[in-house]
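Visitor: So the sequences go chain by chain: A and B. Take the first sequence: its letters are residues 1 to 429, numbered as in the UniProt record's numbering. Take the second sequence: its letters are residues 1 to 623, numbered as in the UniProt record's numbering.
Mixed in with the good hints there might be a few duds.
As the list claims (entries may be wrong) - Capping the alpha-carbon separation at 30 Å, the derived lysine-lysine pairs in DSSO-like fashion look like this:
1) K13/A - K118/B
2) K28/A - K118/B
3) K144/B - K67/B
4) K484/B - K545/B
5) K396/B - K278/B
6) K299/B - K278/B
7) K55/A - K118/B
8) K273/B - K395/B
9) K278/B - K13/A
10) K446/B - K264/B
11) K322/B - K212/B
12) K118/B - K101/A
13) K45/A - K446/B
14) K504/B - K459/B
15) K56/A - K118/B
16) K214/B - K468/B
17) K45/A - K118/B
18) K265/A - K545/B
19) K278/B - K395/B
20) K170/B - K379/B
21) K27/A - K170/B
22) K27/A - K118/B
23) K259/A - K273/B
24) K504/B - K13/A
25) K67/B - K335/B
26) K295/A - K342/A
27) K259/A - K170/B
28) K170/B - K265/A
Calculated directly from the structure, the hints in this document are not laboratory data.
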Amino acid sequence: MEPEVGDIVTLRKGNTSYEGIVIPSPKKDSIIIKLSNGYNIGFRKDSVEIINMEKKQKPKIFSEVKFEKRKDLPEISLISTGGTIASRVDYETGGVRWLMKPEEIFFMAPELSDIATFRNISSPFQIASESMTFECYKILAKESAKELNSGSKGVIITHGTDTLHYTSAALSFMLQNLSKPVCLVGAQRSPDRGSFDGSMNLICASYVAGHSDIGESVIVMHGEMSDTYCNVLRGTKVRKMHSTRRDTFRPINTSTLAKVFMNGKIERFSDYRKRNDDNEVYPDIEMEERTAIIKAYPNFNPEILDYYIDKGYKGLVIEASALGHVPTDTINEKFSWVDSIKRAREQDIIIVFATQCLFGRVDPFVYSNGRIMEEMGVIYAEDMLPETAYLKLSWILGHTNEYFEVKRNMLDNMSGEINYRIKGDKNGL
Amino acid sequence: MDYKELGLKVGLEIHQQLNTKRKLFCDCPTILRTDDPLDTIERRLRPTPSEIGEVDVAALKEYMRGKTYIYQYYDTNCLVELDEEPPHLVSEEAKIIGVEVSLLLNSNIIEEIQVMRKTVLDGSNTSAFQRTMLISTDGYIETKQGPVSILTVCLEEDAARLISQDDTTKTFRLDRLGIPLVEIATGPDISNPEQAKEAAYILGQILRATGKVKRGLGTIRQDLNVSIREGGRVELKGVQKLDMIPLWVEREVERQIALVEIKKELNKRGSEKDLEFKIIEVTDIFNNTSSKIIASSIKKNGGVYATKLKNFKGILGKDIQKGRRFGTELADHVKTYGLSGLFHIDELPNYGITSDEVNKVRAKLKIAELDSFVIVAGKEDICKKALEEVFERCKKAFLEVPNETRDALEDGNSKYSRPLPGRARMYPETDIPPFTIDSELIRNIKENLPETFDEKVNKFIDKYGLKKDEAERIVYESPELFEKVISSLDIKSTIFIKALDLSKNLEREEGYVTDDQTLYLLFEKVSKGIIAKEGIEEVLKRVSKGEDIEIVLSDFSSDNNSADVEFAIEKIILEKKDFILEKGDRAISPLMGLCMKEFRGKVDGSLINKILKEKIDEILKSS
Ligand SMILES: [Zn+2]
Chain A
1 MEPEVGDIVT
11 LRKGNTSYEG
21 IVIPSPKKDS
31 IIIKLSNGYN
41 IGFRKDSVEI
51 INMEKKQKPK
61 IFSEVKFEKR
71 KDLPEISLIS
81 TGGTIASRVD
91 YETGGVRWLM
101 KPEEIFFMAP
111 ELSDIATFRN
121 ISSPFQIASE
131 SMTFECYKIL
141 AKESAKELNS
151 GSKGVIITHG
161 TDTLHYTSAA
171 LSFMLQNLSK
181 PVCLVGAQRS
191 PDRGSFDGSM
201 NLICASYVAG
211 HSDIGESVIV
221 MHGEMSDTYC
231 NVLRGTKVRK
241 MHSTRRDTFR
251 PINTSTLAKV
261 FMNGKIERFS
271 DYRKRNDDNE
281 VYPDIEMEER
291 TAIIKAYPNF
301 NPEILDYYID
311 KGYKGLVIEA
321 SALGHVPTDT
331 INEKFSWVDS
341 IKRAREQDII
351 IVFATQCLFG
361 RVDPFVYSNG
371 RIMEEMGVIY
381 AEDMLPETAY
391 LKLSWILGHT
401 NEYFEVKRNM
411 LDNMSGEINY
421 RIKGDKNGL
Chain B
1 MDYKELGLKV
11 GLEIHQQLNT
21 KRKLFCDCPT
31 ILRTDDPLDT
41 IERRLRPTPS
51 EIGEVDVAAL
61 KEYMRGKTYI
71 YQYYDTNCLV
81 ELDEEPPHLV
91 SEEAKIIGVE
101 VSLLLNSNII
111 EEIQVMRKTV
121 LDGSNTSAFQ
131 RTMLISTDGY
141 IETKQGPVSI
151 LTVCLEEDAA
161 RLISQDDTTK
171 TFRLDRLGIP
181 LVEIATGPDI
191 SNPEQAKEAA
201 YILGQILRAT
211 GKVKRGLGTI
221 RQDLNVSIRE
231 GGRVELKGVQ
241 KLDMIPLWVE
251 REVERQIALV
261 EIKKELNKRG
271 SEKDLEFKII
281 EVTDIFNNTS
291 SKIIASSIKK
301 NGGVYATKLK
311 NFKGILGKDI
321 QKGRRFGTEL
331 ADHVKTYGLS
341 GLFHIDELPN
351 YGITSDEVNK
361 VRAKLKIAEL
371 DSFVIVAGKE
381 DICKKALEEV
391 FERCKKAFLE
401 VPNETRDALE
411 DGNSKYSRPL
421 PGRARMYPET
431 DIPPFTIDSE
441 LIRNIKENLP
451 ETFDEKVNKF
461 IDKYGLKKDE
471 AERIVYESPE
481 LFEKVISSLD
491 IKSTIFIKAL
501 DLSKNLEREE
511 GYVTDDQTLY
521 LLFEKVSKGI
531 IAKEGIEEVL
541 KRVSKGEDIE
551 IVLSDFSSDN
561 NSADVEFAIE
571 KIILEKKDFI
581 LEKGDRAISP
591 LMGLCMKEFR
601 GKVDGSLINK
611 ILKEKIDEIL
621 KSS
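Pulled out of the complex, with its shape left as it was, chain A reads as follows (with noise of 0.2 Å):
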């Protein structure tokens, strides 16, 4: 007979026997057990003989939280949707999994009963974040909106960190007259361990979505490598910067909008937009699904634009090099962007530049590469982050192909995505 997870087994290895709990093996002929003095150990199938076998033991399952609803703190809502922040691990088989229900996220940081009172908890759906599409953000931006106007004073969305600067993008042209604070959060450490960053990060997100005068859509995230303090970091100027470390979200082209440190203190950083308790948020979720972003780099064959204009695209990002440039003087003719870039234009597919450097902006008039481009239409998109851009290019042709009217709208600082001020910072870029 076959063990099963969680019998008693007694394995016998030549003259060595071993005595353990199975644990689920990701490999089909190995043997997982866990041992008493707490080590898990494998083996292959077929090199033990099973010489005892005792009764299952029953799973463990994971107790029931209860929030209670107090009067005295302001309502906010959470929606959960999925990521490390919203796994937990089965300590018993090192097992990763989902939250079963969003309300477990007061495991990881209880503190948040005293900070603010949740109206409502929903989870409509739990993904990596590297798996959201457009679709994803029309309902974080349905759920938000309906929240928001039904009383709450702000909102907080647990995300994987992988995309969390796309979705904060997209809500941000997407919730129309918002002007109570939307905070992204996420973790970047495993929510086993003791040194897990996602506690704070929701107790700062708590503060911000209940107590503070924010009323964007923004990240809330370690502001360093120590556990000091959180940045609260606009929607449109936020990107992932590292691959790893717990202060990974930056500002691009701008500063932090607030820091917010664990007691609740709140020290602002610069201007955004105010709160208003009173507007009602309105929820515009078109969005055009066929865009893209390409990158321009060295050898690139303009037969991969020709690809998507043949594909009928609507749109297209490129990420192009430093000030917006992309080949048009090759040694080799084919290998020239000049061409395929007149073919979109003339079946109006829209296309803007933002720079790959991602610091500073892009200015067509420096070079006549530039200025070539800028001729056959090229929307030069500023300082806009590409992900950014991205988004609000899928927005703008969720609701016009108007050449003009789309380039009005890209070059309108619509949500912070433009700073037309950049500031010298010695302190790096």
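Given the coordinates of chain A, work out where chain B with the ligand should sit on it, guided by the hints.
Guide: Quick look at chain B with the ligand alone, frame taken from chain A:
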């Protein structure tokens, strides 16, 4: 003592740092730093939900009040130690050493090894867990008194070093975090104190035989598990000196026997149910006390609190280890709360407490003939907690010898440190897939196992003409350096041993570990005659004080041709002419000392001696 009759069981747990190129889970070097850190980060560590999904409220409260952890880091650290990057795969070099040690211990290698996370919440690890993996089980070593089983051989990461702490902050240094450790746990089948020492010695030899372990202070940590049949399980931490292991075991056995006797005596008098926990404030009795400790506590707005211990008369004064009473044991518990200690009836009146004060306390607590009391002084809430712990410990005295962790003391005794920890939560390190050790690799390691200690000693005796004790010494301390020095330099083994002795002294006295590179550079200069053997001590001393070896050596390299030497000696002789005339031939040895001081080891002693002799003879003849 008849240890068999007592049912003595001793087990050893050894943690040995490995001298690998990189750390166990990242590519940083395994070196400790003494200079100022590059920078620090500040962290909080949160209690995590338990298996059943509950947050431990007590642990959470502790956290809220809790400590801030400061971590110092260097250019020899990376994001992994900062808990800002997932672990890299296990160091291959460390794996191989783990397998090698396992094979030398006759242990069976685990087929599929899984790195585990062991929860640690004292701040000594930035991630709040220690990574560890079981490499092998069920081995044994042979001792003169029979085999000792090896339960497990593990490979784990060392913790960060605690640098300082106060009420709110603990500061750690990340240089040590991640250095690979081999952890060896023997079964509890060591049956007498001498065997414990032998087993520890043999394990040490086996580890050193690999040639891949770190040497010097703090690179090996040994714990002893000691129990007797009627006693309890005690883990003795910080057992550093091998020679003292038998004494530590004996003293622990003594202690457990004494506690068993106390238990019998107490049960004759009554039962733990007769004990009633009541704290009575007795500050008023001590308002004009001449006890300095109590007076200063009262002055700092503290109070004096007492509790009665029914049937404990004479018990607190009983010796349980040489020079330590049961009362001392209770005082250790009290000290864990930050109080300076306690007073108990068996030692009073004394320490400035008068018999009048004692009698007043007796009256207030209604102390009967067979009863005892203890007094503590300090802040009310702390005193109450401390007295409660004293009370709980006294209740246990009726029932058992408590299982606990104790700190080994220099004199062979030990003091209470904390209850034996429950088993730490351990779960898989999901960032590192389980791995198997290739059977080809195991076979290869097996065929190339290092010589055993005895084999190596015999080889050194034959090859280098060493005496047995010299060979043992060298093989235990520094075999690789010895072979390198002897084969490439003109250095006699006696000089090598002398330098080894000097560096060991420095290690004991200054805590400074001389590295092989330094010793080799020094021997090179001695070999070339640039530094006389008398200069070795000075060089090592200066290096231990933080001077750069190259600079120290260059100091010694200044030209000393024999004409200069002769001139300098002549000068000394002229100054001391009267002394020479007075003492005659006997003047040579004090003058020799003077000359050696002058040259500070830069000139060979035999040359000085020769010149000195000539000059003295000249003077004596001419007079
Ligand atoms: Zn490192």
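Visitor: The structure should be examined with respect to each hint, and the outcome stated for every one.
Guide: Verification of the supplied hints:
1. K13/A - K118/B: Measuring from Cα to Cα gives roughly 27 Å; hence the hint holds.
2. K28/A - K118/B: holds (27 Å)
3. K144/B - K67/B: violated (49 Å)
4. K484/B - K545/B: The hint holds at about 26 Å.
5. K396/B - K278/B: holds (17 Å)
6. K299/B - K278/B: holds (24 Å)
7. K55/A - K118/B: holds (27 Å)
8. K273/B - K395/B: The given pair, whose Cα atoms are some 8 Å apart, holds under the 30 Å limit.
9. K278/B - K13/A: violated (58 Å)
10. K446/B - K264/B: violated (54 Å)
11. K322/B - K212/B: Given that 30 Å is the threshold and the Cα spacing comes to 40 Å, the pair is violated.
12. K118/B - K101/A: holds (27 Å)
13. K45/A - K446/B: holds (25 Å)
14. K504/B - K459/B: Holds, at roughly 24 Å.
15. K56/A - K118/B: holds (25 Å)
16. K214/B - K468/B: holds (24 Å)
17. K45/A - K118/B: holds (27 Å)
18. K265/A - K545/B: The given pair, whose Cα atoms are some 48 Å apart, is violated under the 30 Å limit.
19. K278/B - K395/B: Judged against 30 Å, a Cα distance of about 13 Å means the pair holds.
20. K170/B - K379/B: holds (24 Å)
21. K27/A - K170/B: violated (43 Å)
22. K27/A - K118/B: holds (24 Å)
23. K259/A - K273/B: The hint is violated at about 58 Å.
24. K504/B - K13/A: violated (46 Å)
25. K67/B - K335/B: holds (20 Å)
26. K295/A - K342/A: holds (18 Å)
27. K259/A - K170/B: holds (25 Å)
28. K170/B - K265/A: Cα-Cα ~24 Å, so holds.
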